[in-house]
Amino acid sequence: MATVTLLETIGLSKNFEGLQAVDDVELVIPAGEIRAVIGPNGAGKTTLVSLVSGRLKPTQGSIRFKGEDITGLRAWDRVGRGIVYTFQVTSIYANLSCYENVALAVQRRMMGGLRDRLVLAEERVTKGIELALSRVGLADEMHRQAGELPYGHQRLLEVSMGLALEPELLILDEPTQGLALEEISGFCDLIRAISKRATVLLIEHNMSVVLELAELITVMDKGMVIAEGTPSEIERDPVVQRAYLGTDAAA
Amino acid sequence: MSLGPHLFLALLEGTVTALVLALTALGLSLVFGVMRIVNIAHGEFFMLGAVLAWWFGSLVGGSALVGFLVALIAGPLVVGAIAVASDWLILRRIDYDPESTIVATIGLLYIIQQIVLTFYGGDAKSVEAPIYFRVSFPWFGYSGYKLIVAGMSALLLIGTWIVISRTQMGLYMRATQQDEEMAQAYGVPVRRVYALVFGFGAALAAAAGVLVVPMQQAHYLMGLDPLLLSFIVVIIGGLGNLRGTLVAAFVIGITDGVISVFFSPTLAKILATLLVALVLVIRPGGLFGDEEA
Amino acid sequence: MSRRISGKVLVIHLGIIALLLVAQFFLSPYHHINVARIMIFAAFALGYNVLLGYTGLLSLGHAMFFAAGVYGAGLPVFYLQFNALEAFATGVVSSFLLGVTFGLIVIRTSGVSFLIVTLMFAQAAFLTTLYFNEITLGDQGIVISQVLPPLEVGGAVLEFSDPDVKYNAALLLFGITFLVCIAIVYSPIGRVFVAIRENEARTRMLGYNTYKYKLVSLVISATISGAAGAMYALLFSYIGSTFASIEYSIFPLLWTLVGGMGTLIGPVLGTGLMFYLVDIASGLTESHLIVVGIVLVVLVLYFPKGLMGTIREKWLPWLP
Numbered sequence: 061m062a063t064v065t066l067l068e069t070i071g072l073s074k075n076f077e078g079l080q081a082v083d084d085v086e087l088v089i090p091a092g093e094i095r096a097v098i099g100p101n102g103a104g105k106t107t108l109v110s111l112v113s114g115r116l117k118p119t120q121g122s123i124r125f126k127g128e129d130i131t132g133l134r135a136w137d138r139v140g141r142g143i144v145y146t147f148q149v150t151s152i153y154a155n156l157s158c159y160e161n162v163a164l165a166v167q168r169r170m171m172g173g174l175r176d177r178l179v180l181a182e183e184r185v186t187k188g189i190e191l192a193l194s195r196v197g198l199a200d201e202m203h204r205q206a207g208e209l210p211y212g213h214q215r216l217l218e219v220s221m222g223l224a225l226e227p228e229l230l231i232l233d234e235p236t237q238g239l240a241l242e243e244i245s246g247f248c249d250l251i252r253a254i255s256k257r258a259t260v261l262l263i264e265h266n267m268s269v270v271l272e273l274a275e276l277i278t279v280m281d282k283g284m285v286i287a288e289g290t291p292s293e294i295e296r297d298p299v300v301q302r303a304y305l306g307t308d309a310a311a
Numbered sequence: 041m042s043l044g045p046h047l048f049l050a051l052l053e054g055t056v057t058a059l060v061l062a063l064t065a066l067g068l069s070l071v072f073g074v075m076r077i078v079n080i081a082h083g084e085f086f087m088l089g090a091v092l093a094w095w096f097g098s099l100v101g102g103s104a105l106v107g108f109l110v111a112l113i114a115g116p117l118v119v120g121a122i123a124v125a126s127d128w129l130i131l132r133r134i135d136y137d138p139e140s141t142i143v144a145t146i147g148l149l150y151i152i153q154q155i156v157l158t159f160y161g162g163d164a165k166s167v168e169a170p171i172y173f174r175v176s177f178p179w180f181g182y183s184g185y186k187l188i189v190a191g192m193s194a195l196l197l198i199g200t201w202i203v204i205s206r207t208q209m210g211l212y213m214r215a216t217q218q219d220e221e222m223a224q225a226y227g228v229p230v231r232r233v234y235a236l237v238f239g240f241g242a243a244l245a246a247a248a249g250v251l252v253v254p255m256q257q258a259h260y261l262m263g264l265d266p267l268l269l270s271f272i273v274v275i276i277g278g279l280g281n282l283r284g285t286l287v288a289a290f291v292i293g294i295t296d297g298v299i300s301v302f303f304s305p306t307l308a309k310i311l312a313t314l315l316v317a318l319v320l321v322i323r324p325g326g327l328f329g330d331e332e333a
Numbered sequence: 035m036s037r038r039i040s041g042k043v044l045v046i047h048l049g050i051i052a053l054l055l056v057a058q059f060f061l062s063p064y065h066h067i068n069v070a071r072i073m074i075f076a077a078f079a080l081g082y083n084v085l086l087g088y089t090g091l092l093s094l095g096h097a098m099f100f101a102a103g104v105y106g107a108g109l110p111v112f113y114l115q116f117n118a119l120e121a122f123a124t125g126v127v128s129s130f131l132l133g134v135t136f137g138l139i140v141i142r143t144s145g146v147s148f149l150i151v152t153l154m155f156a157q158a159a160f161l162t163t164l165y166f167n168e169i170t171l172g173d174q175g176i177v178i179s180q181v182l183p184p185l186e187v188g189g190a191v192l193e194f195s196d197p198d199v200k201y202n203a204a205l206l207l208f209g210i211t212f213l214v215c216i217a218i219v220y221s222p223i224g225r226v227f228v229a230i231r232e233n234e235a236r237t238r239m240l241g242y243n244t245y246k247y248k249l250v251s252l253v254i255s256a257t258i259s260g261a262a263g264a265m266y267a268l269l270f271s272y273i274g275s276t277f278a279s280i281e282y283s284i285f286p287l288l289w290t291l292v293g294g295m296g297t298l299i300g301p302v303l304g305t306g307l308m309f310y311l312v313d314i315a316s317g318l319t320e321s322h323l324i325v326v327g328i329v330l331v332v333l334v335l336y337f338p339k340g341l342m343g344t345i346r347e348k349w350l351p352w353l354p
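Residue numbers (my numbering), protein chains in the order written: chain P, 61 to 311; chain A, 41 to 333; chain B, 35 to 354.
Isolated chain P, as found in the complex:
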């Protein structure tokens, strides 16, 4: 099981008008793993996961998911295949209820043919919503307007929308940013629970979260992968310390 490769990028590069944001990245993520990608600001982490999720088109290279080339697939089709991205800046439907927010994710996988697009048994949708919200502990907030939730709960709602899509690869872009300390430990438990069913690709600044959760850490700098290894290896790696930990280790 551990040897099945879920995601693989081959020579993946992205150039923004001369700026090489992602440079020849070769990333291999086995199914079931929690992988963290770290690096200083501007290292190209968000660009990398944007390429994987399909929000951006690569300048060069290809992406394989479960053995298939998905480089040409649009973002929404990748969601259908099981690649789910949760935004760095909380991106929920602030004017809609939590119910409706999650409903959009739940009904996505139920809408197969034309008939399902026109009529869906609402009980099935509701069941999915209750499940997704309770997994993040927001079941009681179901009918509140999403924009009224405190910030930490909005992040949880975002994750719950991601879970409702039943991802095989869940990409979390700085999920703990802006959370209070006591919220963070709860979040770590949540991610560990998620990883029992899905592979998690985590971009994170908070080193204690990374060291606690990740099985393998990929370190990026200036668009390139400069190191990869277990948390203890990365902690000791001199290259990493120079590029990253040395300046930013306090976190």
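Incorrect hints may appear among the rest.
To be verified - No farther apart than 16 Å at their CA atoms in a straight line, the calculated lysine to aspartate or glutamate pairs in the EDC-like style are these:
(1) P:LYS126 <-> P:GLU228
(2) A:LYS186 <-> A:GLU53
(3) P:LYS256 <-> P:GLU228
(4) B:LYS339 <-> A:ASP137
(5) P:LYS256 <-> P:GLU275
(6) B:LYS339 <-> A:GLU139
(7) P:LYS187 <-> P:GLU228
(8) P:LYS282 <-> P:ASP84
(9) B:LYS246 <-> P:ASP137
Note that these hints are calculated values from the structure, not bench results.
Place chains A and B on chain P using the hints.
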């Protein structure tokens, strides 16, 4: 007439159209560039200019030249003032929200149009050209006034250029266009810049209206055509791109002149409209604009 | 906020249709004919609102869809002696096809670009009706009452000059449109429309091809607008290029905004209100369209959510 002189006439007509169009479209483009709003009432400012030209002409009486000169100065000022007032009374209060602004300026369009209908009437009225002479070419005579219109438009365009590139106000405008928040942080009075730009854009349209009215009659519904043509120009030139606007005005004006001389003017408009709509679909930023807009 | 249509929602909306059904026996001839017109325009506004209110796309070109219905129904009657049913069908199909073609071209533009492109295509359509003057009789238009044969339905002969036929045909169109719109709003597709309105980028990352959904919304909106146009041509027996003019693009926007976009009852209420407001104003002054201008400005300044939008926000949050 053979093909050569025909083509020459078409180019001549096209150049006059292009210069007037450039003036009108520049106003729209400035407003879009600096304020990021689409002013649907822009054509009505053009119409107001034309109607005011008639009004000043009949008010002054006597020499058509005096009436024309008064109108050329007072018309844009009055229209500019109306625009500034609308900015303060309406646009500022809705915080220049793009979609609300569109609805509000549609409202403004009707208000201006219907007020003109009430006080000016539904008939088209003509204004005597301030100067009458004909330039004779070997094949045909050409209205001297049209050439003066072209010259005056060119002067106003150059004037606008100087305002934008050489004055404090122009600097403020460019700064606001680049980055509103940054401009505000550096002490640019953004609100006042908005009001002035809106007024200035309207004044340019009004000036074009004053210039045009001896060649075509003043009518309360005459604003739609210049609005749509300006849209075409501004889109091809790139929304908010002033140099592009000028280039596009020439492309459109001369093409329109040539097609109208050889085919039906209505067909010319249909084709131009469809073509431009397609341009916008393929390159949302316009032909000369940035890729993203 | 669950998506099952609740009893009270159904009662209110069916109640409106029932009210209109009963009202015809009490209305004076003048209001009788007005309400018939209002119901057709309300259907137009409902169609417009699918795109603006529920999907968040502001169009300034819906006159072309309305006119596609008008001409699509009217011309075959005039030239090919179609009966009313056939003509209505061709009208609806015309607007559907126009919607698909236009949609495929413009659906990738958004915001201000979308609005300008709709305005310009509609203007091209308007000019086209003038350009083919020999067929459309351009400005003058065509009166089709002499050529439109009465319709026989199950032994009954329906004369379109009969006010009762006009009223009930208009009511039929309105009722069906109203129910279709309710169904859309409560359907999974309707939910995606709203999601696009609220946050298109997020919706894409939830796995929805938003372009496809916007296209569907546009086509639904265009087809309903065209159905209203076709019905208008048949009942009021006039086809002319006025229906393609910019006025008929702005009216549905106005009606929808007055009533409250993104509400179902709003466009209906807005249409009725504005119809009578303009009607009263035209009795007072030649410049009656100033009412349109003032209402638009007042709306954006003080009631950006419109009548029903405000009512829903304050008192009836469960309204669709």
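Task: Numbers of the earlier hints that this structure fails to satisfy, in rising order - done: 7
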